[in-house]
Amino acid sequence: MRNKKTIYTCLTLGLFIVVVFSLGLGAMHIPVLDVITILAKRIGINGFAAADDLAENVLLHVRLPRIILGVLVGAALGISGAAIQGIFRNPLAEPGLIGISAGASLFAVLIIGMESFLFVSLSEFLGFYLLAFGAFAGAGLAAMLVYQFSKTDGKPNVATMLLAGIAINALAGALTGLLTYTADEQQLRTITFWMLGSLGGANWDMIIGIAPFILIPVFLLPLYGKGLNLFAIGEHQAEQIGMNPGKIKNRVVILSTLSVGACVSVTGIIGFVGLLVPHIIRLIGGADHRLVLPASALLGALVLTVSDMLARVLVAPVELPIGVITALLGAPIFLYILYKDKKKILQ
Amino acid sequence: MLRVESISYKINNRYLLKDITFSIRKGEMVAILGANGAGKSTLMKILCREKQPSEGRVVYDAKNLDDYSAKELASKRATLYQQNTVSLAFTVEEIVLMGRYVKEKDNTNISNELVLKETMEICGVSHLADRSMLTLSGGEQQRVHLARVLAQVWDNKEALLLLDEPVSSMDMLYQHQTLAIANALTKKGFMVVCVLHEINLAAQYADRVIMLKGGRKWWDGAPEEVLTNRNIFTAFGVHTQVHTDPRTLLTQITPNGFKLDAAVFNSNLAASHNKRSLKERFISYRDEYPAKPLWQIAEILGVTPAEIMFAGLGDNVILLRPEMDAILQRIEGLGLVKAVTYNEHCEAERIGVYRNFSKEGYTTLFLGEDIDLRIFADRWKIALAVEDRGKESLQFFDCNGKALHQIYLTGGSYRQVYLDLIAEFKQKDQSAPLLEKTEQKEREEKRDAEIDISDFHQAWNNMLDTHEFYGLLKRFGLTRTQALRLAPPSRAVQVSLESFRRTILNCSDIEVPVMMFTANEGCVQINTGQLCNVNSNGPWLNLSERSGGETRLNEDDVHSVWHVVKPTVDGDVNSLELYGANGNMIVQFFGERKPGIPELESWKKVLINNLS
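Top to bottom, those sequences are chains Z and F.
Count the first sequence with the working numbering and you get residues 1 to 347, in order.
Count the second sequence with the working numbering and you get residues 1 to 612, in order.
In case anyone wonders, no lab produced these hints; they're calculated from the structure.
In this text, a Cβ means the ideal position worked out from N, Cα and C, and glycines have one as well.
A few of these clues could be false.
Unchecked claim - FRET-style restraints, in silico, Cβ to Cβ:
hint, chain 1, residue 1, chain 2, residue 2, range
1, Z, 338, F, 25, 47 to 55 Å
2, F, 72, Z, 219, 24 to 32 Å
3, Z, 338, F, 276, 25 to 33 Å
4, F, 11, Z, 3, 45 to 53 Å
5, F, 27, Z, 166, 53 to 61 Å
6, Z, 246, F, 287, 58 to 66 Å
7, F, 214, Z, 250, 37 to 45 Å
Model the full assembly from the supplied sequences, consistent with the hints where possible.
Rendered as structure tokens:
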């Protein structure tokens, strides 16, 4: 057995360091010590030298929600990427690649377009739920379509899966494009934000709104580690060992699309995290889903926090869309994996 | 115990499995054999509960297979699929451990580590434990999956092991190793059902063989019972030699192998493109199928038997003037020769002297003791002298190029007389004569209603000689099989092929001499004598006579067998007549008989004993 404990410790420690570090970075620099002081004060530990109020305000109402959102979304993307790769029995399956994110964003954009008919302001608490559910419905529909299309003789076929993903991406993209024509200026800006992804809109309401959709899958999905392992040797084979593949498949797909939908509804499409994070975990720790699932959540959170930090500081005071950063980091690594493992992946 | 109770499986109203019933006892290893598409895999899928039978049910340990929970069944039954693809980089050890997943909680007395160690050791994958599955060869992967499947039921004493073509990707060592493992587990109380393609592995390791064909259970029994060359040919269409190893007493099967001539792949090319001459193609075919008769090879090459012979003109074949009666009168002078007459279903040969040449109307007769022939010489159009593989013969063909009769020289022949005969009758122009190739007209059967049945019955009952039967057919415009069908009561009765066989074997056993009439369009050869040996070789039934004569008939071609009774001045004459699917006569059997003497009592008795 590979050393699971070391992997978990490194990832948790790394995540903590990155979170603290990125809390200090940004348009306004806050030294690490101040960050710790302010956070300590919030949870009732005084005795450190007081930092100034402005720094405290920026930290608590701008940076902290944004970084917590980054951690949540990163964890959700990482773990659902790993789960979906497990269900499709293929390391190329990724929510963005096979159309799940596009489906979610299409439905989200639809809801934005109909905002005036819904009598609900989308920037409010209830609005986040509505958006999250809409995105979940879109993600679920896309996942179901791709799975049905890609299934030949009871097992998913990689080529068909990718082709179906391309088709769904194109369709959702076209419909989203169509909607942008009917959108007003404000809506247009929101829609553009969807396509590139950003953590910029983070606030505490939003976090409380989507937290259950992300936390429930993140804590439940690791329970299906064994089931997904058996999926890797085939559905029929899993059944012979005494698992119920249909049940596992349904639950895992629902949980992962739920979390992906929730992420897309607040941050837009952030690509490559769900594809790369599980890959890196497997390279380090092997393919056992009992490790891959939780570790992908941790690494996903870490990667997204770093990406968001870069997005904020690289060309400060202007912000880059986070999707640009993850794609810039992810695409070359993805190409490298393809180059190295192409024979293994597309069998 | 596993009981399969008349299960059928159909898709879109097409049956993939039909009414299959068998049961497997504890400690039994059963091999399922059959050609591609025979239903083996479907049967396995039903046994492992992946598919539900359309009809019937499977009972395992007194409980319906459907009534088991997935977990319960998993601890009693493990399945190794033919194809197992792992797409993620799991290590070998992780894969084998998956077999224990359901077990981990209610752990029995054996620890998972021990099971892991033992199964991996047995399957020869211990040294691969930390390797990624993606880096292994197909055979190695299959062995890992075997270890996983064994691990799943390792702590059970009487589990059911289902193996669907487990060894197709393995090398020789592990093919045997795998089946030896399965066989060893049966000694412990396991039941093993195993789909195999390699018939010798089945013979070696299985306690029982079930052979499927077209979705049905064709045979079921011990390997030495089921694996006969006839059964194997029926199931797979391959001729084989089946031996019993004298040391191990195991059945061993050696397929005869095929040889194909690439020329046949180019049949769509013009003849000029086909560079090999007819003669070369004929020789190459005959070398491949030494047992095939000339007419069959001719059919494959798309020519007539005569045309094959014409290819040798100027070389080993000499064309004679078609003065048939003149030639035939000289045959007696050749001394001992072998007479051969055949049709598509039956072949007769006999060594003797062509004595007592005579003519009776259009019919030429040889009424010798050994050679007894009726020849319709007006049908004989081509006469050839052939020297082939050291054998010299005279061969006669009709206007369509069909072979009618052959006369082979033997050690007791006067070769000089033969050479003189050839010299005398040699045609000046040795180019191949044109064949007429008249269309064979199928005789249309009259409708039964058009026939005057009572007249026909009367005529039958008033026959004075068996020879009159042919005239009877002509007079009433009947085909032979139609006449038998409409015969007077108890004059013609259809009997089974099996009872025909019994009769003939009985004749050979209790020494009843018989007459066998083998006929084609130009000739009837009558071999009379005591049968001394009756045996089967594939579809061929060989009847050897004490005199050295031989009659071979193809039982697969036999469509109907009739017991016919014809009245004569000497009393009733009984015969057994065999017909092909198109109503052609294959061969007729009578008791030995001479005009003026009543039929043998012993022949009549044999018929009564074996046919009723």
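To see whether the hints hold, each was checked on the structure:
{"no.": "1", "hint": "338(Z) - 25(F): 47 to 55 Å", "result": "holds, 54 Å"}
{"no.": "2", "hint": "72(F) - 219(Z): 24 to 32 Å", "result": "holds, 30 Å"}
{"no.": "3", "hint": "338(Z) - 276(F): 25 to 33 Å", "result": "violated, 53 Å"}
{"no.": "4", "hint": "11(F) - 3(Z): 45 to 53 Å", "result": "holds, 51 Å"}
{"no.": "5", "hint": "27(F) - 166(Z): 53 to 61 Å", "result": "holds, 55 Å"}
{"no.": "6", "hint": "246(Z) - 287(F): 58 to 66 Å", "result": "holds, 60 Å"}
{"no.": "7", "hint": "214(F) - 250(Z): 37 to 45 Å", "result": "holds, 39 Å"}
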